[in-house]
Amino acid sequence: MTDDKSQIRRSARRTVLRFLGVHFEELSVTAEPNPFVICHLSSVILLISLCLAGNAFGDGGSVQLHSVSGPFEITLFAEPPLPRAGQIDFSVLIQDTKSGQPVLDAAVTLAVTPVQVHQNAQPAWYPPSCAVSPPVNLAEVPLLHSGASNHLLYGALVEIPAAGVWHVRTEVRRGNERADVEGSVDVADPFPPIANYWPWFLFPVAAIGLYVLRERIRVGAPGTDGAP
Amino acid sequence: MEDVADAVVGSWSIQFWPTVGLILLALVYFRGWLKLRKQVPHRFDGWRLASFLGGVGTVFLALGSPLDTFSNLLLQVHMIQHLLLMMVAPPLLLLGSPFLPLLTGLPRPIVREAIRPFLLWNGFKRFGRWLTHPKVTWIIFVVMTLGWHVPPLYELTLRSPTWHIVEHACFLGSGVLFWWPVIQPWPSRPHWPEWAMIPYLLLADVQNTVLSAFLTFSDRVVYPTYSLVPQFPGMDPLSDQHAAGVIMWVPGSIVYLIPASIIAMRFLSPRRHARDKLPTQRAWKPRASEKVDKVETSTRSTQSTAAVRIPAKRRELVATGHAAPPHSPVFDLLALRFIGRVIRSLVFRRVLQCALFGLAILIVCDGLFGPQIGPMNLAGTLPWTHWRGLSVLALLVFGNFFCFACPFTFARDLARRILPGNRQWPRWLRTKWISVGLLAIYFWSYEAFSLWNSPWLTAWVIIGYFVVAIVVDGFFRGASFCKYVCPIGQFHFVQSLVSPFEVKTRDLDVCRSCKSYDCIKGNEQQRGCELRLFQPKKESNLDCTFCLDCVRACPHDNIGIIAVAPGRTLARDPFRSSIGRFTERTDLAALVLVLAFGAFLNAAAMTLPVENALSFSRLTLDLISRPVILLIFFFLVLGLLPLATVTGCAFASRWFGSIPATLRGISCRFAMTLAPLGAAMWLAHFGFHLFTALLTPIPVIQRLFLDLHIATGGFPWWTLRTPGIPQLLDFQCLALDLGLLVSLYYAWKVSLGLAAEKRKAAPAFLPWAVLLSSLYLCGIWIVFQPMEMRGMLH
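Going down the list, the protein sequences come from chains A and B. When you read off a place in the first sequence, starting at 1, and then add 16, the result is the number in our numbering. When you read off a place in the second sequence, starting at 1, and then add 33, the result is the number in our numbering.
Note that these hints are calculated values from the structure, not bench results. Just to be clear, a hint being listed does not mean it is correct.
In the EDC-like style, the derived pairs of lysine to aspartate or glutamate whose C-alpha atoms are separated by at most 20 angstroms in a straight line are [to be verified]:
| no. | chain 1 | residue 1 | chain 2 | residue 2 |
| --- | --- | --- | --- | --- |
| 1 | B | Lys158 | A | Glu231 |
| 2 | B | Lys791 | A | Asp196 |
| 3 | B | Lys554 | B | Asp446 |
| 4 | B | Lys782 | B | Asp763 |
| 5 | B | Lys570 | B | Asp606 |
| 6 | B | Lys570 | B | Asp542 |
| 7 | B | Lys793 | A | Glu231 |
| 8 | A | Lys114 | B | Glu617 |
| 9 | B | Lys782 | B | Asp606 |
| 10 | A | Lys114 | B | Asp36 |
| 11 | B | Lys782 | B | Glu572 |
| 12 | B | Lys570 | B | Glu644 |
| 13 | A | Lys114 | A | Asp196 |
| 14 | B | Lys782 | A | Glu231 |
| 15 | B | Lys782 | B | Glu617 |
| 16 | B | Lys168 | B | Asp252 |
| 17 | A | Lys114 | A | Glu193 |
| 18 | B | Lys570 | B | Asp590 |
Could you build the full structure based on these sequences and the hints that come with them?
Okay, structure coming up:
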């Protein structure tokens, strides 16, 4: 009975290890270099990471507006710190004016309206996946704790379609209490895609460079004819 | 107050790529540690593992926990984050002696091909030795610590997320270097005696004290950003800065002083004198590469061969001395105890085929009688969005899964019970030209008639497919439809060239001694390979439907689904069973070219600039019909362009590389190397559709239930939106990067094989490198364009 149990345990452990990619010791003896040999392991890792990284926002950033209004002290942040057309992570910290404590039970909305938009400027660039969640109604964007990594803040990702000066108004409501803060935010031209994704374009160049270097090393190594 | 505490504790900011890196690092170390523990248990005991994983966990904590979230609001939190990265994580990582476990944990081909040459290179060794010299590590550490705390630089990191990442990388890297001579992870060699680490640590503590004292006693805010952010009660910017200084001073100093004290105690210990007479660990001078080899060799000798199924016939041959014992175990999917048994059973295949057959009938019915709006109909969502994406994913992770579960072969197997199926497929039609033509027609008609948005047409395409499959295989022998006609099959055959698994023989010696050839001829219980692939001569997955008839027919149980290097057969051109040589198969080259160029064309056609260009052409050329303008466009891109570019490249290659072969032969060989890049583009394109419209079938199925008066489905949730995956574009770029690299690698190998002399290989390769790079850039351009969101309501 004990033997059976230990056998089952061993088998289960082996299955788990195989699932985690430990079985790649068998994979690793194929005759030629295998660039995708860890693809199964990678898929497990990607899956775990996708699950873990579900709610990462870049909130915080730089302070755009700060004001004391009614019972609240309101601070509006934007990330990236120098806002650019495209996706901007707006987040708001609301504090009680008297105690300075963060207020966590308010309803917060953000309204973004164009003041002086550069009509002929480069249009905002969105990665294709952004088309899945098309720009929300910029006149009333709800800001939520779940939209910010820092759960003391209220946040949302807002897609600003063009560079220029935008008027931003944040409204806070809690019961009968109401407050708002407004002002203008300068939104710069968007970065070209290459600036956002340059590591992916550099990766093949680096890989080819390393391969060439490796070939040169092998040619120079004693006892080798340099044959790949 | 509790709410605030909960909000603070719950403010994690876990970033995707750093998390991927850390999990990968931990798993690779764990795997290496498991192997090494068997060889040198005293060096790799449990606490080494705990230490390394603790280090990885500390980095994760520093980068993903509320410490990171609040670092831009409070300097003291930022300081704790930096201390973790510089003082806590590096020593923990190094205490795990990570060098050998990480090397052993990586797949051996990667170590052998990508890392070992660099480790053996004298220049690299000299650089490594220089970089880990205490003088260098101390200077780097101090420069990094002081440099990044200079206000302009520190402010820069608060303003720019990219510079913030650079700063963290510098802290972690310089921390690892600084602690290297102190920990001296096995099997590295020390530069200085152990006692020298005492002044080394104390001097580092001095600079730490100076910096922390400056922050603690300063009467002004050094980093202005912290005076601009909102203040928390009792935490003004200056007191925050003082607290940060104290944290840096006290815990920071303790981290230096503890190891210094331990070393001092060890140095003064009377037992040291006795130990000095014996060769100590620090005096040991191994050659890292030798050690790796030794460990790898011994590991190999004891490697478990549990996953290797050794056929009975093979054991017999080994026992009688007619064959050598197996020396290199390979991973065989069919050797897995449960999964292997399930996959090889015919019942499993039939169940899958029945399921897909039933689904196909459902799609056809819905396409004919359901609403004629693509995203609201099963025929508009499942075949064009989900089936295509999933089958390409399956190809690149497993193999030709669709052909394994093909509903069309199931239908024709049923029909064969009535129809004769005894004629020979005409000899002159035994090529891929029919499939090439059908594929080109499919690509054109998909755009010309917006098949993705026409459930009715989609249903008729599926019906037509069934009819042709039944008619062809109902009258002709074998799997003529699969081999010569089916465009879907050809698509899967070509893409499965880069699959990580292949149906192949486990042991060629067993095949050599076999006289029955059941794998191709079949026997009373089981038919043989219908595609006439003789296993011992089979190379690659080309023309293999993964039906596993050969596996079930083999009397020696000598065929498995073996792990292989993706695309490995592209570099060579041996005679392949039922295929011949690549150099002689113009039709095969044409098929690969149509699929590779088709991948880019198919994806480009859904982008806004191409759509605009087509509309503009229609107006300028005064063509009213969209199908006509598309016909011209497709003829140019799928016909003339591949022909012109490949011929041009082959000509240039022959000219520059002095290749003693015909233009046709060169074209055919190199054309095959476009397959990996084509597969990458298909993955990027279909993966995009799949992951952006993953949930669209839910309301469609609800609608179907409602139409069928089945109450359980509820009212269709048409507003249901698939959550966006922020990393989708990263994955698309990564797929294209890998596709390009694999294609370039095999093109280079083909050049080496064809060029008259080795020095001519590079000129011969150059035109193909240009062609592949151009296609890659096209792919990058395509994935960055605004796209038509097909198969979606919004």
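Taking the hints in turn, this is what the structure says about them:
1. B/Lys158 / A/Glu231: holds (17 angstroms)
2. B/Lys791 / A/Asp196: With a Cα-Cα distance of about 74 angstroms, the restraint between B/Lys791 and A/Asp196 is violated, given a limit of 20 angstroms.
3. B/Lys554 / B/Asp446: holds (18 angstroms)
4. B/Lys782 / B/Asp763: At roughly 29 angstroms apart (the allowed maximum being 20 angstroms), B/Asp763 and B/Lys782 break the hint.
5. B/Lys570 / B/Asp606: holds (12 angstroms)
6. B/Lys570 / B/Asp542: holds (13 angstroms)
7. B/Lys793 / A/Glu231: holds (15 angstroms)
8. A/Lys114 / B/Glu617: Answer violated: A/Lys114 to B/Glu617 is near 85 angstroms, above 20 angstroms.
9. B/Lys782 / B/Asp606: holds (11 angstroms)
10. A/Lys114 / B/Asp36: It holds: about 18 angstroms lies between the C-alpha atoms, which stays within 20 angstroms.
11. B/Lys782 / B/Glu572: holds (17 angstroms)
12. B/Lys570 / B/Glu644: violated (47 angstroms)
13. A/Lys114 / A/Asp196: holds (17 angstroms)
14. B/Lys782 / A/Glu231: Within the cut-off at roughly 13 angstroms; holds.
15. B/Lys782 / B/Glu617: holds (19 angstroms)
16. B/Lys168 / B/Asp252: violated (35 angstroms)
17. A/Lys114 / A/Glu193: Holds: A/Lys114 and A/Glu193 sit about 14 angstroms apart, inside 20 angstroms.
18. B/Lys570 / B/Asp590: holds (17 angstroms)
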